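Colleague: Sequence:
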Amino acid sequence: MRAPGASLVPQLGLAESDRLQSVAFFLRMDALKSARGGDGRKLFAIPLERSSTERAWRDLDRMSFAQWLQQEGFTSVPLLWYINYACRDDFGTPLEHTSAWAGLFYFAARNPNPADCAAHSVLTWPEGNAWLAERLAAPLAAETQTGAVVTRVRNGRGGVEVDYWHVATQTARRVVAGAAILAIPRTLAARVVQDPNARINSEGFVYTPWAIANITLDRSPAGEGEALSWDNVIYNSPLLGYVVATHQRLEPARTETVLTYYWPLTHTTPAAARREAQQRSHDAWSEMFLSELLRIHPELRGQVRHIDVWIWGHGMIRPEPGFIWGDARQRAAQHQPPYFFAHSDLSGVSIFEEAYTRGVLSADAAVQFLTRAAHG
0 MRAPGASLVP
10 QLGLAESDRL
20 QSVAFFLRMD
30 ALKSARGGDG
40 RKLFAIPLER
50 SSTERAWRDL
60 DRMSFAQWLQ
70 QEGFTSVPLL
80 WYINYACRDD
90 FGTPLEHTSA
100 WAGLFYFAAR
110 NPNPADCAAH
120 SVLTWPEGNA
130 WLAERLAAPL
140 AAETQTGAVV
150 TRVRNGRGGV
160 EVDYWHVATQ
170 TARRVVAGAA
180 ILAIPRTLAA
190 RVVQDPNARI
200 NSEGFVYTPW
210 AIANITLDRS
220 PAGEGEALSW
230 DNVIYNSPLL
240 GYVVATHQRL
250 EPARTETVLT
260 YYWPLTHTTP
270 AAARREAQQR
280 SHDAWSEMFL
290 SELLRIHPEL
300 RGQVRHIDVW
310 IWGHGMIRPE
320 PGFIWGDARQ
330 RAAQHQPPYF
340 FAHSDLSGVS
350 IFEEAYTRGV
360 LSADAAVQFL
370 TRAAHG
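In numbering that gives the first Met the number 0, the protein residues as written are 0 to 375.
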């Protein structure tokens, strides 16, 4: 989740009414960051299960963020563009398909007064969250099997049987264990677990497809307007903009760079967007990304060395109205020993903290289950 703030709301030529609405919105969000419900909990917290249980706030999940903004009088076009951008960026959903609770969570869940940095500071690494994941995994490297494609999980006579394809040796293998933690999207868990006694389905779980392009350039973007940043956003573009993937390199006199473009396919339904994405060729995708880049940076014509495009068919869970505090998510989050579930989609928002929390909760539950089993 990127640190929300007013800096992306257009300022040049902004009407006074738009400016006042922008100020009012961010003051409102700042107040929500510290607000607590009658139960003493923050209204919006990370992990989200720690948020206030007050019905008046959780009921906001039943309406869209677009409806809430209209109801509260936030109608400024530049402001709504930014809020819509934020929802597409973090959730893969436009305003009308984003839960109002989730939308407010985006702006109000972060600690307003972090201990050792400014309120809107951004901490990142060239590898993204992979930097964190790699360091969490490092102590368990000797016990970790990679290059293994799991094909089936079921509860057999000797325990949980995990069948997988070992890529390096091109052989089918099996692991038998006392329990299995499924840190995979719900849609995959529903397919992989083949156990008639398990009740695992993905009802209510909807995912946004994304297109992502890495564009290798012989030189960095320049041009008029704002100076080049880590995250570069273009007003009213269907794309989210691009990140300069080499922004943390310290070598002097570098000219070549890589831009990573992000494009949540929110212009139609997720199912239709997946079909459209699958049918479009790599050349067609490349041309679309290149057209957008050269529209903004015509000075880069002839400077593009290579374009890689990757499609994520089920990129992010969509916090649509009714999902965050609805029955489908609550049921899916219930473990079914010997199966334990750990994925950010069980929280309804795709952020690292939620994924981490789900992993810890499932590991604790699995340990308790195995301990009880060992003691009869």
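In case anyone wonders, no lab produced these hints; they're calculated from the structure.
Incorrect hints may have been included.
Label pairs and their computed distance ranges (CB to CB) [to be verified]:
{"#": "1", "residue 1": "Ala182", "residue 2": "Arg35", "range": "43 to 53 Å"}
{"#": "2", "residue 1": "Gln144", "residue 2": "Trp124", "range": "23 to 33 Å"}
{"#": "3", "residue 1": "Arg173", "residue 2": "Trp124", "range": "33 to 43 Å"}
{"#": "4", "residue 1": "Arg27", "residue 2": "Asp162", "range": "31 to 41 Å"}
{"#": "5", "residue 1": "Thr370", "residue 2": "Ala182", "range": "14 to 24 Å"}
Source: prediction; values computed, not measured.
All C-beta atoms in this analysis are idealised placements derived from N, C-alpha and C, irrespective of residue type, glycine included.
Colleague: Compare the structure with each hint and give your call.
Modeller: Against the structure, the hints come out as follows:
1. Ala182 x Arg35: 43 to 53 Å: Since Ala182 and Arg35 have Cβ atoms about 32 Å apart, the given range 43 to 53 Å is violated.
2. Gln144 x Trp124: 23 to 33 Å: About 25 Å separates the Cβ atoms of Gln144 and Trp124, which means 23 to 33 Å holds.
3. Arg173 x Trp124: 33 to 43 Å: About 36 Å separates the Cβ atoms of Arg173 and Trp124, which means 33 to 43 Å holds.
4. Arg27 x Asp162: 31 to 41 Å: 52 Å, violated
5. Thr370 x Ala182: 14 to 24 Å: Once the Cβ atoms are compared, 21 Å apart, the range 14 to 24 Å for Ala182 and Thr370 holds.
Hint compliance for this structure: hints 1, 4 are not met, and every other hint is.
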